[in-house]
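Visitor: The chain contents come next:
2 protein chains.
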Amino acid sequence: MAKTLDELLTVTAPVDLPSYDSRATTGFDGKKADAEKQLTQLGEELSNLQEKLFAGGRSGASPTRVLVVLQGMDTSGKGGIIRHVAGLVDPQGLAITSFKKPTPEELEHDFLWRVESRLPQPGEIGVFDRSHYEDVLIGRVRQLATPAEIERRYGAINDFEKAFTDSGGILVKCFLHITKDDQKERLAARLDDPTKHWKFNPGDLDERMLWDDYQRAYALALERCSTDHAPWHLVPSGRKWYRNWAVATLLLEQLRALDLSWPQADYDVEAEKTRLAGM
Amino acid sequence: MAKTLDELLTVTAPVDLPSYDSRATTGFDGKKADAEKQLTQLGEELSNLQEKLFAGGRSGASPTRVLVVLQGMDTSGKGGIIRHVAGLVDPQGLAITSFKKPTPEELEHDFLWRVESRLPQPGEIGVFDRSHYEDVLIGRVRQLATPAEIERRYGAINDFEKAFTDSGGILVKCFLHITKDDQKERLAARLDDPTKHWKFNPGDLDERMLWDDYQRAYALALERCSTDHAPWHLVPSGRKWYRNWAVATLLLEQLRALDLSWPQADYDVEAEKTRLAGM
Numbered sequence: 001m002a003k004t005l006d007e008l009l010t011v012t013a014p015v016d017l018p019s020y021d022s023r024a025t026t027g028f029d030g031k032k033a034d035a036e037k038q039l040t041q042l043g044e045e046l047s048n049l050q051e052k053l054f055a056g057g058r059s060g061a062s063p064t065r066v067l068v069v070l071q072g073m074d075t076s077g078k079g080g081i082i083r084h085v086a087g088l089v090d091p092q093g094l095a096i097t098s099f100k101k102p103t104p105e106e107l108e109h110d111f112l113w114r115v116e117s118r119l120p121q122p123g124e125i126g127v128f129d130r131s132h133y134e135d136v137l138i139g140r141v142r143q144l145a146t147p148a149e150i151e152r153r154y155g156a157i158n159d160f161e162k163a164f165t166d167s168g169g170i171l172v173k174c175f176l177h178i179t180k181d182d183q184k185e186r187l188a189a190r191l192d193d194p195t196k197h198w199k200f201n202p203g204d205l206d207e208r209m210l211w212d213d214y215q216r217a218y219a220l221a222l223e224r225c226s227t228d229h230a231p232w233h234l235v236p237s238g239r240k241w242y243r244n245w246a247v248a249t250l251l252l253e254q255l256r257a258l259d260l261s262w263p264q265a266d267y268d269v270e271a272e273k274t275r276l277a278g279m
Numbered sequence: 001m002a003k004t005l006d007e008l009l010t011v012t013a014p015v016d017l018p019s020y021d022s023r024a025t026t027g028f029d030g031k032k033a034d035a036e037k038q039l040t041q042l043g044e045e046l047s048n049l050q051e052k053l054f055a056g057g058r059s060g061a062s063p064t065r066v067l068v069v070l071q072g073m074d075t076s077g078k079g080g081i082i083r084h085v086a087g088l089v090d091p092q093g094l095a096i097t098s099f100k101k102p103t104p105e106e107l108e109h110d111f112l113w114r115v116e117s118r119l120p121q122p123g124e125i126g127v128f129d130r131s132h133y134e135d136v137l138i139g140r141v142r143q144l145a146t147p148a149e150i151e152r153r154y155g156a157i158n159d160f161e162k163a164f165t166d167s168g169g170i171l172v173k174c175f176l177h178i179t180k181d182d183q184k185e186r187l188a189a190r191l192d193d194p195t196k197h198w199k200f201n202p203g204d205l206d207e208r209m210l211w212d213d214y215q216r217a218y219a220l221a222l223e224r225c226s227t228d229h230a231p232w233h234l235v236p237s238g239r240k241w242y243r244n245w246a247v248a249t250l251l252l253e254q255l256r257a258l259d260l261s262w263p264q265a266d267y268d269v270e271a272e273k274t275r276l277a278g279m
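Chains as they are written, first to last, in the UniProt record's numbering: chain A, 1 to 279; chain B, 1 to 279.
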């Protein structure tokens, strides 16, 4: 039996990032134009399943909710996934959070506090553009916490994610993998195009100088936090069309597996028909 | 010169709702299939302008933000607008709020408190599915506040909306107009289709019994709160395709009028190119 994309892209330890080809098209048989056509079809199925998911949550029939976690270096395409994949479904059922540098209030709490309040509600598809993983990525690279605290966080993340999946949550964790050369090309494209200058920040180059440190921090996070209940997927993201197709497919596989059904009426349908007929 | 849809649909006092045809296609020359084709084209332009709007807000260059307020009786299509119109743009730049019955905490504050916290940020397009207008609609019909308080609220709303538009906000207020017969047909369709049972609530019929009271409350709200800075539009919503086309067009007219431009870089582009080349 053919493997699911979930199986094909799930990370297993030890993680050696340089050994992964960022331009791979794992699990996809075809060219760019085929992927774009398929994405439209996937979009229709996603949209239909999302409506059922939303119906279940809205009616109180089901606690199921989905959270897509997007992590990756600058220019890896977190924003592109939101636009091209999350954009395929009814925005009413989406809960998108873009995590920035923590505020002073957020810093007063445990690192998971700000994440907890942004988890999707039943029926929703949440998308995290960056996430609690920043606290073991930039946290490690920039030494924003002690080594012991960073070490504690891997376990805390696993417990937190377990509690989420135990209570009806589905996690789709995607690491958007690009190479240092891919990033150079994309940053250069931003600097060359005045309509993209707003996407660039000189701080991006300061982070780029720490590329190798970030790769090590990512490898560690993927190793320590790819669990049975919440596996990490390494999504080759050197080709944008494959990246979009892959994340849409990972999400779709999860929604299909839920075997969603329309919620039953919790009122007497015939009685309501009669009432309506008379008014 | 041809009138804009904004001009064609703006409400003027006195408002006599029964005199409006819910199946009118004001300002549109064509049939259903034409409108659906046009909507796809409008969607591309909307999506491009929304990206510029978002860029301006994200970069701190502009305080401009847009708020679409959707009001209308049950089944008038507030959810449909979110799916088919808001769904045309990047969800990253959307801030959708669906206002329900106020919580005890919300009731302890002035009625505008909960709305204030959900206003769109610079660069965002906010969508209110129901809004502060509920407090002069169900508020009036169900006598949830004293007549003097309801009376005060019209002025409070106008002041609130003026402060919003004075600080870079654009308001697109849409009343989705359907007739009592339109609603009967749509509620019956929900009861007849098990995949739509979750959208129906027996309380919808209790509200329907007060149809005439709601129509009076709407007429008053439209009269009292259609201002130069924040006009009310009456969108004939008996035909879903026209309703979607009309709201997309009203939003697009506002975005076009902003004459948006890409934000300038606030860093030295050439210096950054040199830095990047060396790393």
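The hints are simulated quantities; they were obtained by calculation from the structure and are not laboratory data.
Computed from a predicted model, the values in this text were never measured in an experiment.
Treat each hint with caution, since some may be false.
Derived pair list, reagent style BS3-like, types lysine-lysine, alpha-carbon separation capped at 27 Å [what the hints assert, rightly or not]:
#: 1; chain 1: B; residue 1: K199; chain 2: A; residue 2: K273
#: 2; chain 1: B; residue 1: K273; chain 2: A; residue 2: K273
#: 3; chain 1: A; residue 1: K162; chain 2: B; residue 2: K100
#: 4; chain 1: B; residue 1: K162; chain 2: B; residue 2: K199
#: 5; chain 1: A; residue 1: K101; chain 2: B; residue 2: K199
#: 6; chain 1: B; residue 1: K32; chain 2: B; residue 2: K273
Here chain B is said to cover these stretches of chain A; the calculated rule only asks that three of the stretch's residues, wherever they fall, bring their Cβ under 8 Å from a Cβ of chain B [as the list claims (entries may be wrong)]:
#: 7; segment: 31-37
#: 8; segment: 77-88
#: 9; segment: 243-255
The beta carbon of each residue, even a glycine, is placed where N, CA and C say it ideally should be.
Visitor: State for each hint whether it applies.
Guide: Here is how each hint holds up against the structure:
| no. | hint | verdict |
| --- | --- | --- |
| 1 | K199(B) <-> K273(A) | holds, 14 Å |
| 2 | K273(B) <-> K273(A) | violated, 68 Å |
| 3 | K162(A) <-> K100(B) | violated, 31 Å |
| 4 | K162(B) <-> K199(B) | violated, 35 Å |
| 5 | K101(A) <-> K199(B) | violated, 40 Å |
| 6 | K32(B) <-> K273(B) | violated, 50 Å |
| 7 | 31-37 | violated (count 0) |
| 8 | 77-88 | holds (count 5) |
| 9 | 243-255 | violated (count 0) |
In summary, the structure is inconsistent with hints 2, 3, 4, 5, 6, 7 and 9 from the numbered list given earlier, while agreeing with the others.
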